[in-house]
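First to last, the sequence lines map onto chains A and B. Numbering of the first sequence is given in my numbering, commencing with residue 1 and proceeding in unit increments. Numbering of the second sequence is given in my numbering, commencing with residue 1 and proceeding in unit increments.
Incorrect hints may have been included.
If several chains are the same, the list does not tell them apart, and a pair holds so long as it fits within one copy or across any two.
Listed next, the in silico DSSO-like pairs over lysine-lysine satisfying Cα-Cα at most 30 Å (straight line) [what the hints assert, rightly or not]: (1) K154 - K127; (2) K127 - K197; (3) K225 - K154; (4) K154 - K231.
Honestly, the hints are just simulated from the structure, not real lab data.
There are 2 protein chains.
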Amino acid sequence: MHQGGPSSPSCSSTCDCFPLRHLNTAACGSETLLKPQKHELTYPSRMGSVLIFYLCYLLCLGLGLACVVCVCVWNSHWRGGFAWDGSGLQFNWHPVLMVTGLVVLYGNGAVVYRIPLTWGQNKLPWKLLHAALMLLALILSIVGLCAVFDNHNKNNIPNLYSLHSWIGITATALFAMQWVVGMAGFLLPCTPMSLRKLLKPIHVWLGGGILLLSIAASISGINEKLFFVLKGNQTYSGFPSEGVFGNTLGVLIVAFGLVVLKILSNSRWQRPDSRPEDLAYSPLLQEEN
Amino acid sequence: MHQGGPSSPSCSSTCDCFPLRHLNTAACGSETLLKPQKHELTYPSRMGSVLIFYLCYLLCLGLGLACVVCVCVWNSHWRGGFAWDGSGLQFNWHPVLMVTGLVVLYGNGAVVYRIPLTWGQNKLPWKLLHAALMLLALILSIVGLCAVFDNHNKNNIPNLYSLHSWIGITATALFAMQWVVGMAGFLLPCTPMSLRKLLKPIHVWLGGGILLLSIAASISGINEKLFFVLKGNQTYSGFPSEGVFGNTLGVLIVAFGLVVLKILSNSRWQRPDSRPEDLAYSPLLQEEN
Numbered sequence: 001m002h003q004g005g006p007s008s009p010s011c012s013s014t015c016d017c018f019p020l021r022h023l024n025t026a027a028c029g030s031e032t033l034l035k036p037q038k039h040e041l042t043y044p045s046r047m048g049s050v051l052i053f054y055l056c057y058l059l060c061l062g063l064g065l066a067c068v069v070c071v072c073v074w075n076s077h078w079r080g081g082f083a084w085d086g087s088g089l090q091f092n093w094h095p096v097l098m099v100t101g102l103v104v105l106y107g108n109g110a111v112v113y114r115i116p117l118t119w120g121q122n123k124l125p126w127k128l129l130h131a132a133l134m135l136l137a138l139i140l141s142i143v144g145l146c147a148v149f150d151n152h153n154k155n156n157i158p159n160l161y162s163l164h165s166w167i168g169i170t171a172t173a174l175f176a177m178q179w180v181v182g183m184a185g186f187l188l189p190c191t192p193m194s195l196r197k198l199l200k201p202i203h204v205w206l207g208g209g210i211l212l213l214s215i216a217a218s219i220s221g222i223n224e225k226l227f228f229v230l231k232g233n234q235t236y237s238g239f240p241s242e243g244v245f246g247n248t249l250g251v252l253i254v255a256f257g258l259v260v261l262k263i264l265s266n267s268r269w270q271r272p273d274s275r276p277e278d279l280a281y282s283p284l285l286q287e288e289n
Numbered sequence: 001m002h003q004g005g006p007s008s009p010s011c012s013s014t015c016d017c018f019p020l021r022h023l024n025t026a027a028c029g030s031e032t033l034l035k036p037q038k039h040e041l042t043y044p045s046r047m048g049s050v051l052i053f054y055l056c057y058l059l060c061l062g063l064g065l066a067c068v069v070c071v072c073v074w075n076s077h078w079r080g081g082f083a084w085d086g087s088g089l090q091f092n093w094h095p096v097l098m099v100t101g102l103v104v105l106y107g108n109g110a111v112v113y114r115i116p117l118t119w120g121q122n123k124l125p126w127k128l129l130h131a132a133l134m135l136l137a138l139i140l141s142i143v144g145l146c147a148v149f150d151n152h153n154k155n156n157i158p159n160l161y162s163l164h165s166w167i168g169i170t171a172t173a174l175f176a177m178q179w180v181v182g183m184a185g186f187l188l189p190c191t192p193m194s195l196r197k198l199l200k201p202i203h204v205w206l207g208g209g210i211l212l213l214s215i216a217a218s219i220s221g222i223n224e225k226l227f228f229v230l231k232g233n234q235t236y237s238g239f240p241s242e243g244v245f246g247n248t249l250g251v252l253i254v255a256f257g258l259v260v261l262k263i264l265s266n267s268r269w270q271r272p273d274s275r276p277e278d279l280a281y282s283p284l285l286q287e288e289n
């Protein structure tokens, strides 16, 4: 990022008057920076980076699976199982589908591009897999919302009054918007390259933001449900097994979110054509983005 | 990141057998990549980037202030104000101090390095400001925890049984650990450079992770409190003014988190000596990190 040539156009006008001028030292004649820089990672370092990635990815898969298993066990073992008849058993689909769709599938869909094995291959199949995983996640989330709206309506319970519901519905609405804009922006061949370049950082940031919202909605939802159902003989404050199990599910969800955040935030694990410098300058953008 | 020289040592052994080999094309003799690359942003692009940063930063300050004002108004106007006598008025310090410390001050402390005006200056004063803001945030969070533990103990309410409390105590414990390790790792002059290099990505990732936990804890806490107190004539499900106000506070907290995430995730707004390529190779590391 610090290389440049004497022919760089912005030297005289910006070197001494702009807060970012140190970014432009090369353009102002630092000859040492004109030499090719050894910016590749050494072999052991790259090998270590790939190994750590796969450890994190395995952890991501394992934690995701654990979240899905735990939310199913909670609702089948302690909450009576599942039905689609407007009863409390219909409500039980809500946590299962939201955790599976809006957290686990969503998080796994977000990290697809980071798998190093895919980097030497054409990006299109991986774009399609990303879009397909996200569509499946979105469908599960919408069915999960239908489960709770239908249950509320049949039992005369108002909808969308709690903070949990505000955050959850916002996460799902942003997710639906993100999927449609992502589809139009990155998969339709007629979308101009300039628009894709503009959209990409917003898509990546909002992707992380939706995960933040979905985790906040999950934690507040599990917490609220446990307060609702653990009353009488078995209050939540008495540390009953269901309370401890539900809390453990919440901790697993947060741990899953932290691992996804780790994978997304490590610049070494970005698909190379998506690195900032390539996004701004690489001709790959015209072939693959 | 894609430059290299013919003398790069890892060429023959890795070019055709390693999943990251395309990162090393330059080292394998791609002559076009030996030329100096024009990686600086053009002046209008840099100017635009700086302007957008300051808009985001203003939004971050504005949303942070709005969160603090709202949480104070909620607890003074609807919850009866503040005291330190073990009563419910003592509990009211808990949301105020946690939102102010663990969310707003913490988020503002995290983005200090991103302010472009500071980039041309010595990093040490900004490190000290980062550490001081984080210490103040940590102290407020710990006092906020004391408020609720003391209130629970004096009213024979068990501690740490809910998912909200598990996530909140984990966030504060990780924050305390992060502050101590950050202090030892980045401010003590005797810490080896190799250890700083190792710690930095973990510090940055865990920093984002703690914000995720603190937002999840805040949302679940506000949601839980509103269910606790909005009963009888004014149930939460009847959309009373306190419920809508509390939900709005939750939305402001999430919006603040999204803006902080936006500032942290934009690689153009990273202090230059912290960009990935500099972290790995720049001699600046030995002067400033």
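Structure-based check of all given hints:
no., hint, in the structure
1, K154 - K127, "neither (40 Å within a copy, 57 Å between copies)"
2, K127 - K197, "within (16 Å within a copy, 34 Å between copies)"
3, K225 - K154, "both (19 Å within a copy, 27 Å between copies)"
4, K154 - K231, "both (23 Å within a copy, 22 Å between copies)"
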